[in-house]
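Hey, can you work out the whole structure from these sequences and the hints?
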Amino acid sequence: MGRAVWAGHKPLNATLLVALALGLGACRKEAEAPSQPSAAAQQASPQPMEEGAPATVDQPAVPELKDTFESSASYIFGVSYAPGINQYPGLARHVWNYVQAARKDTEVAAGDGPQAGAGNAPHELSLTFSQVIKTPDLVVIAADGNRYTGGAHGEPLVERYVWLPKQDRLLDAASLIPDAAGWQAVSAAARESLRTAVSLRADAESLPPEQREQMVRQAGKMIDEGTEPDPANFTRFVPVLDANGKVTALRFVFPPYQVGPYAEGTQQVEVPAAVLLPHVAPDYRGLFTGGAPAVAN
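Counting in full-length UniProt numbering, the sequence shown runs from 1 upward without gaps.
Source of the hints: derived by calculation from the structure; they are not laboratory data.
The structure displayed is predicted, hence computed values, not measured ones.
We put the beta carbon where it would ideally sit given N, CA and C, even for glycine.
Treat the hints with care, since some could be wrong.
Claimed, not checked - Distance condition first, Cα-Cα at most 20 Å in a straight line; then the derived SDA-like pairs of lysine to any residue:
{"id": "1", "residue 1": "166", "residue 2": "285"}
{"id": "2", "residue 1": "66", "residue 2": "166"}
{"id": "3", "residue 1": "66", "residue 2": "97"}
{"id": "4", "residue 1": "104", "residue 2": "135"}
{"id": "5", "residue 1": "246", "residue 2": "277"}
{"id": "6", "residue 1": "246", "residue 2": "169"}
{"id": "7", "residue 1": "246", "residue 2": "137"}
{"id": "8", "residue 1": "246", "residue 2": "135"}
{"id": "9", "residue 1": "221", "residue 2": "246"}
Said to hold, decoys possible - Estimated spans, in silico, between C-beta atoms of each pair:
{"id": "10", "residue 1": "278", "residue 2": "71", "range": "31 to 37 Å"}
{"id": "11", "residue 1": "152", "residue 2": "178", "range": "37 to 43 Å"}
{"id": "12", "residue 1": "278", "residue 2": "121", "range": "47 to 53 Å"}
{"id": "13", "residue 1": "203", "residue 2": "121", "range": "38 to 44 Å"}
{"id": "14", "residue 1": "80", "residue 2": "178", "range": "30 to 36 Å"}
{"id": "15", "residue 1": "101", "residue 2": "278", "range": "21 to 27 Å"}
{"id": "16", "residue 1": "64", "residue 2": "134", "range": "17 to 23 Å"}
Written out as structure tokens, the structure is:
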């Protein structure tokens, strides 16, 4: 069975969870806006140029990524990058593209929003890119941040990048598990783990039977919608490694709204290698514990 993890949030009161779940539909429209490109979408970005090649309109040069902070009366922008990220130009390009897209969306909102006058909070974009894993085979960068463009709270920004240094490319979910049966297996494992966690929370609340049933039903609907067996729902993942640097599981990361209300924060589920390996593409089986390396033709 997988394991669900809630990062940095206390368990919700069950009555509040039900109320939040019932109002999820309106919130989800905000979260599903195309302002947070997925890792799979970024895989389609142009690949980095060779050193010294001239920049073109279609392939602009990526500047060295440096920590940045800017502020004005209507706009605050801050981003920090993981040390050493510039040594992987292809990875730096994906990160740079993500930052530029997020910044553009925030600037557009700041330009359109009612920011004039005292008492109005400025629009804000803050992002931190941290290195989660660095081995000869894998470099993993986590992006976490927040964008505020008005309203009761900001929009969480969550992204994960799994870089293959030897292949000089990003590993995306659709390439890692290329068949529908694999995503059925991942979906089933994720749903079981998330639903079990909801049931345990409901039991801990000692809810009346009707209220418990409503809580579990509403949470289950959100979980099922956010874990449909489609790689687009599992683009954010982090390998879990053993002492030898082999992948023992994948930790799939779900931003707020995907499998639960905003107040539950980012949720994570680990799917073990035993579930994944039968469906992993041959080129990547060697990354996993128990997976034989691909045989060269």
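Going through the numbered hints above, which ones does this structure break? Give me the numbers in ascending order. Hint check: 2, 4, 9, 10, 15 fail, others pass.
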